[in-house]
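Q: Chain B: place on chain A using the hints.
The chain contents come next:
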Amino acid sequence: MTSHADLRNRAGVGNAFPASQPREGERLADLFGTSEDSEVLLRAIYAEDRVAVPSEGGGYRVVELPVEGDRYPGISDSDPAAFVEECEIYEQFGVRPRGAKPLNRLLVPPHGEYRFPHLGSPAPKELRAPHYVAGPALEFPVGPVRGVAQESLYIGLVTSGEEVIDLYLLLWHKHRGIERRLEGLPVEKALFFVERAEGLSAVANSWAFCRAVESVLGWTPPPAAENARAIALELERLYNHAAAVAALGQATGLSVGQAQGEIALEQLLRLNAAVFGHRYLFGVLALGGVARLPDMDALRALLPRAREELAHVLEALFSTNSFLDRLEAAGVVAPEVAARLGLVGPVARASAADLDTRRDHPFGAYRDHRVDVPTRPAGDVLARMEVMDAETRESLRLVEELVAAGDEAPEAKGSAAAQSSGTLRAGSALGWCESSRGEVLAWVDLDGNGRVRRARLRPASVRNWRAFDDAARSRNVFTDVPIIEASFWLTVAGFAR
Amino acid sequence: MSRLGGHQAEGDLAPPRASRQDHSAPLERDAQQDVDALSARLGSDVRSMFSRSLHIRTVDTGSCAACESEVRLLVAPHYDLHRLGLFFTPSPRHADLLLVTGAVTRAMDGALAKTYAAMPDPKVVVAVGACPLGGVYSEDAMVHGDLESVLPVDVFVPGCPPSPLALLHGLLVAAGRLKEKVEASDFCFRGELLDGGAPEGGVPLR
Numbered sequence: 001m002t003s004h005a006d007l008r009n010r011a012g013v014g015n016a017f018p019a020s021q022p023r024e025g026e027r028l029a030d031l032f033g034t035s036e037d038s039e040v041l042l043r044a045i046y047a048e049d050r051v052a053v054p055s056e057g058g059g060y061r062v063v064e065l066p067v068e069g070d071r072y073p074g075i076s077d078s079d080p081a082a083f084v085e086e087c088e089i090y091e092q093f094g095v096r097p098r099g100a101k102p103l104n105r106l107l108v109p110p111h112g113e114y115r116f117p118h119l120g121s122p123a124p125k126e127l128r129a130p131h132y133v134a135g136p137a138l139e140f141p142v143g144p145v146r147g148v149a150q151e152s153l154y155i156g157l158v159t160s161g162e163e164v165i166d167l168y169l170l171l172w173h174k175h176r177g178i179e180r181r182l183e184g185l186p187v188e189k190a191l192f193f194v195e196r197a198e199g200l201s202a203v204a205n206s207w208a209f210c211r212a213v214e215s216v217l218g219w220t221p222p223p224a225a226e227n228a229r230a231i232a233l234e235l236e237r238l239y240n241h242a243a244a245v246a247a248l249g250q251a252t253g254l255s256v257g258q259a260q261g262e263i264a265l266e267q268l269l270r271l272n273a274a275v276f277g278h279r280y281l282f283g284v285l286a287l288g289g290v291a292r293l294p295d296m297d298a299l300r301a302l303l304p305r306a307r308e309e310l311a312h313v314l315e316a317l318f319s320t321n322s323f324l325d326r327l328e329a330a331g332v333v334a335p336e337v338a339a340r341l342g343l344v345g346p347v348a349r350a351s352a353a354d355l356d357t358r359r360d361h362p363f364g365a366y367r368d369h370r371v372d373v374p375t376r377p378a379g380d381v382l383a384r385m386e387v388m389d390a391e392t393r394e395s396l397r398l399v400e401e402l403v404a405a406g407d408e409a410p411e412a413k414g415s416a417a418a419q420s421s422g423t424l425r426a427g428s429a430l431g432w433c434e435s436s437r438g439e440v441l442a443w444v445d446l447d448g449n450g451r452v453r454r455a456r457l458r459p460a461s462v463r464n465w466r467a468f469d470d471a472a473r474s475r476n477v478f479t480d481v482p483i484i485e486a487s488f489w490l491t492v493a494g495f496a497r
Numbered sequence: 001m002s003r004l005g006g007h008q009a010e011g012d013l014a015p016p017r018a019s020r021q022d023h024s025a026p027l028e029r030d031a032q033q034d035v036d037a038l039s040a041r042l043g044s045d046v047r048s049m050f051s052r053s054l055h056i057r058t059v060d061t062g063s064c065a066a067c068e069s070e071v072r073l074l075v076a077p078h079y080d081l082h083r084l085g086l087f088f089t090p091s092p093r094h095a096d097l098l099l100v101t102g103a104v105t106r107a108m109d110g111a112l113a114k115t116y117a118a119m120p121d122p123k124v125v126v127a128v129g130a131c132p133l134g135g136v137y138s139e140d141a142m143v144h145g146d147l148e149s150v151l152p153v154d155v156f157v158p159g160c161p162p163s164p165l166a167l168l169h170g171l172l173v174a175a176g177r178l179k180e181k182v183e184a185s186d187f188c189f190r191g192e193l194l195d196g197g198a199p200e201g202g203v204p205l206r
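Chains as they are written, first to last, in our numbering: chain A, 1 to 497; chain B, 1 to 206.
Rather than coming from a laboratory, the hints here were simulated on the basis of the structure.
Since this is a predicted model, take the numbers as computed values, not measurements.
You may find that some hints are simply not true.
Chain B side only, calculated, beta carbon under 10 Å to chain A, not exhaustive [as the list claims (entries may be wrong)]: (1) A31; (2) G134; (3) Y137; (4) A141; (5) P164.
Computed list of chain A residues with no C-beta within reach of chain B, every gap over 10 Å [what the hints assert, rightly or not]: (6) P66; (7) G69; (8) R176; (9) G199; (10) L269; (11) R270; (12) D372; (13) R453; (14) G494; (15) A496.
Every residue, glycine too, gets a C-beta built ideally from N, C-alpha and C.
Same shape as in the complex, but just chain A (with noise of 0.2 Å):
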């Protein structure tokens, strides 16, 4: 299997900025900037995954980059997976990576006589999305108001007809400016807004949050803590994927596998709502514990039956062929391609990317409790359908371990409230979670008072959207690109929070 770092010397890395090489297996999994003292500070975080024994850091490595003037050497010649950030960190500090490289404007809009939140103070100028279309294709456009009930979101369609020839997505239409709104807030009302950063990762959003602060301050969770911490996550991973096959279902126009897969989907959610007292689980998690633990009766009571109905609902789609045909060679992620990109979660893992923090860098009740991590080579829409049947069976597998953990350990069933009593400190620190997306990462800078300075926040949709206009050129119709959006099962949200 080819890993990251293989692909990343193949293809010659210069050696511009050696700071910021990656060392040997190492991924580029976030880079964003920091002001200050009005300087501009760029951080680059490399995971290192599969490491033998988990360090403190996880096998993450936080490296900061100066920045000399405006100006530093760009990292997507050597990294392409890193060209968003810098056309990100270009719109919130005004700084940009050496040479003539046109930047895309990415989550500030265009239009607006306001004045936009940048986090520095230039003025970011010359943005814009270089795109020409000519000869017989036209652009057909999607959004950004779209289907029913769908997030904000334009899609660029350049088609001659049928097949999708080029595609582009503009993904600021939602942007809330939430990295923003936390600076200057105490990280109790900062956890409010993590969470509604992408609400359906809720869970693996706060929980990465919740680790990043816990280590800056040197809190511990109690284990009731976090095993009910690991319930929740597994529990929003079901329903996600439930939520995934149901979208599959609607887009490949099989009405009754839609109707199945949402029935699963409403149980589950129904489900959350009786063992956590939410239905997508917002307000589970809090800092140094949980807010509230599970109602282990409630779920070991309804488990059995959501079970069932996302067995039914997986082996009948698995076993309708007009269905299983429309998935297969459709939406192809080339395993390169999601590793030059630096793809996370069931995207890249149906690319041969053997990645999964849960196991790879394990937190939590995850050190106790091994993760079994499905790949697949394909990369169509049929292998991430794949892992996320196998993943779902591998969840479900969890939650019962984590609820048996629970009852077997008398001592863990104590209290579940934050270690609140700790002194309060300045640093900075980073935490990691799992999300059904892929993985999130959430960096944050506190100063002495418990409140953020300055908060990173980056879910898994961040990394994966830039791979979806890859899998909707790879010789794909009209037709095709519902189906390869709900087989991503991204969030604008979460990209554009």
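A: Just chain B, lined up with the frame of chain A:
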């Protein structure tokens, strides 16, 4: 045999009925009774007013995607809006009801205004969730903070996100509001045009 084909499919597709007989938890049974009771009221109102065709257009103005998930579930088997004569429509020109979710970002101003303008009168606007109520985001350079500063809102549905049951209730209230507007509208043009515009309180026929 595939369970998606053949005779079994019909039985499988009817979970509310099946669940009441079978192994449903008490919690779920209560919820389902609420759904049925609300649905009966909503259905009769909509039927009498629009002969089973109240059409809904949704616009997302910066939600966290949870509201979208709940709105999508309205047409799922457990709630099944279609049996009540309510439909989602992709075209605002066919829509009587605008369902707005999200923090009302300024970037969506144009799209939201065009969608609203394209809807025929009389129309109602339903704000879904805590964000358009102004409960999550305060006004800043990116968001308006609440929907009422942009559009006239007829019904607010609170919740973060509001459950499909709360949305059904909101639609019931909105259907009542639409009924008032329909009754107050002068659909038949009888008289002169005032300054070339619409007659007082009415909509001219063109």
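Q: All hints, please: hold or fail.
A: Quick rundown of the hints versus the structure:
For B:A31, the suggested interface contact is upheld, since its CB lies about 7 Å from the closest CB of chain A, less than 10 Å. The interface hint given for B:G134 is broken, as the beta carbon of that residue sits about 14 Å from the closest beta carbon of chain A, more than 10 Å. Interface hint status for B:Y137: upheld, as the beta-carbon distance to the closest one in chain A is roughly 6 Å, under 10 Å. Satisfaction of the interface hint for B:A141 is found here, the shortest Cβ-Cβ separation to chain A being roughly 5 Å, below the 10 Å cut-off.
Here the hint on B:P164 is kept, as its CB sits about 8 Å from the closest CB of chain A, short of 10 Å. The beta carbon of A:P66 is kept farther than 10 Å from every beta carbon of chain B, the shortest such distance being approximately 29 Å. For A:G69, the non-interface assignment is confirmed: its Cβ lies about 27 Å from the closest Cβ of chain B, beyond the 10 Å cut-off. Here A:R176 does not stay apart from chain B, with its beta-carbon only about 5 Å from theirs, under the 10 Å limit.
Listed as a non-interface residue, A:G199 fails to keep its Cβ farther than 10 Å from every Cβ of chain B; the least gap is roughly 3 Å. Not every Cβ of chain B is farther than 10 Å from the Cβ of A:L269; the closest lies at roughly 8 Å, contradicting the non-interface assignment. Look at A:R270: its CB is around 6 Å from the nearest CB on chain B, not clear of 10 Å, so calling it non-interface is violated. Under the 10 Å C-beta cut-off, the non-interface status given to A:D372 relative to chain B holds; the minimum distance is some 27 Å.
Look at A:R453: its CB is around 19 Å from the nearest CB on chain B, clear of 10 Å, so calling it non-interface holds up. A cut-off of 10 Å between C-beta atoms contradicts the statement that A:G494 is not in contact with chain B; the least separation is 8 Å. A beta-carbon of chain B is positioned within 10 Å of the beta-carbon of A:A496; the least distance is around 8 Å.
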